[in-house]
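Student: So the chains spell out like this:
Number of protein chains: 2
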Amino acid sequence: MEGEFKHLVLVKFKEGAAVGEILKGMENLVTEIEAVKSFEWGQEMEGPEMLTQGFTHAFLMTFENKEAHTAFTAHPKHVEFSATFSAAIEKIVLLDFPAIRAKPPPSA
Amino acid sequence: MEGEFKHLVLVKFKEGAAVGEILKGMENLVTEIEAVKSFEWGQEMEGPEMLTQGFTHAFLMTFENKEAHTAFTAHPKHVEFSATFSAAIEKIVLLDFPAIRAKPPPSA
Numbered sequence: 001m002e003g004e005f006k007h008l009v010l011v012k013f014k015e016g017a018a019v020g021e022i023l024k025g026m027e028n029l030v031t032e033i034e035a036v037k038s039f040e041w042g043q044e045m046e047g048p049e050m051l052t053q054g055f056t057h058a059f060l061m062t063f064e065n066k067e068a069h070t071a072f073t074a075h076p077k078h079v080e081f082s083a084t085f086s087a088a089i090e091k092i093v094l095l096d097f098p099a100i101r102a103k104p105p106p107s108a
Numbered sequence: 001m002e003g004e005f006k007h008l009v010l011v012k013f014k015e016g017a018a019v020g021e022i023l024k025g026m027e028n029l030v031t032e033i034e035a036v037k038s039f040e041w042g043q044e045m046e047g048p049e050m051l052t053q054g055f056t057h058a059f060l061m062t063f064e065n066k067e068a069h070t071a072f073t074a075h076p077k078h079v080e081f082s083a084t085f086s087a088a089i090e091k092i093v094l095l096d097f098p099a100i101r102a103k104p105p106p107s108a
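Protein chains in written order, with full-length UniProt numbering: chain A, 1 to 108; chain B, 1 to 108.
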């Protein structure tokens, strides 16, 4: 089953980065931009470096389709936030992909 | 809002790896193991290496809570599959984290 379009970002923040502020900024961003259907994030706390590769945060945005993702990417508020975000990170992995729902949640 | 527990895996497969078989195996695995609440995955097709770091596939499993994730990790079928999976990958990032739902889907 073809699902929505996902924007997945893994980062390691720079030492001393204002992580709390950035997280707040990201929450504001996705709330303000309607194209973002849902947003979840999390912080890895325990994994060994061998598996996490030093990445500490994962951000997952869901869009209804690829066009909504494109609209988000081009949104002035996203462009502005990206500059702040980029300055705060030591490394990043970014994957954009159409999501395949191999096992839909029980409620779906 | 505190959400479920996530198991996120990014990989780059080895050249010549039987990717189709592995994907099938993973779908079977998550279907068979009840602890997995939902499973989505996707393949990045277009992103620049600078952003994808060469990772091509993202796998995202959702669990009701951390205990369900622990049960999954310890499940004999997972242990067996992990051996096959590990042999097929060139690199991996694995993050396990409690998900924060900053913007729940409209239907929620």
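It cannot be assumed that every hint is accurate.
You can't tell identical chains apart in this list, so a pair holds if it fits in one copy or across any two.
Claimed, not checked - Below 35 Å or equal to it, Euclidean Cα-Cα: the simulated DSBU-like pairs (lysine-lysine) are:
{"hint": "1", "residue 1": "Lys77", "residue 2": "Lys14"}
{"hint": "2", "residue 1": "Lys12", "residue 2": "Lys24"}
{"hint": "3", "residue 1": "Lys24", "residue 2": "Lys77"}
{"hint": "4", "residue 1": "Lys14", "residue 2": "Lys24"}
{"hint": "5", "residue 1": "Lys77", "residue 2": "Lys12"}
{"hint": "6", "residue 1": "Lys12", "residue 2": "Lys66"}
It is worth saying that the hints were derived from the structure and are not from the lab.
The model shown is predicted, which means the values in this text are computed figures rather than measured ones.
Student: Please go over all the hints and tell whether each is borne out by the structure.
Tutor: Here is how each hint holds up against the structure:
1. Lys77 to Lys14: So lysine 77 and lysine 14 pass the 35 Å test inside one copy only (23 Å; across, 38 Å).
2. Lys12 to Lys24: For lysine 12 and lysine 24, the Cα distance is within 35 Å both inside one copy (17 Å) and across copies (32 Å).
3. Lys24 to Lys77: within (14 Å within a copy, 40 Å between copies)
4. Lys14 to Lys24: within (17 Å within a copy, 38 Å between copies)
5. Lys77 to Lys12: both (22 Å within a copy, 32 Å between copies)
6. Lys12 to Lys66: For lysine 12 and lysine 66, the Cα distance is within 35 Å both inside one copy (26 Å) and across copies (23 Å).
Violated hints for the displayed structure: none, as all numbered hints are satisfied.
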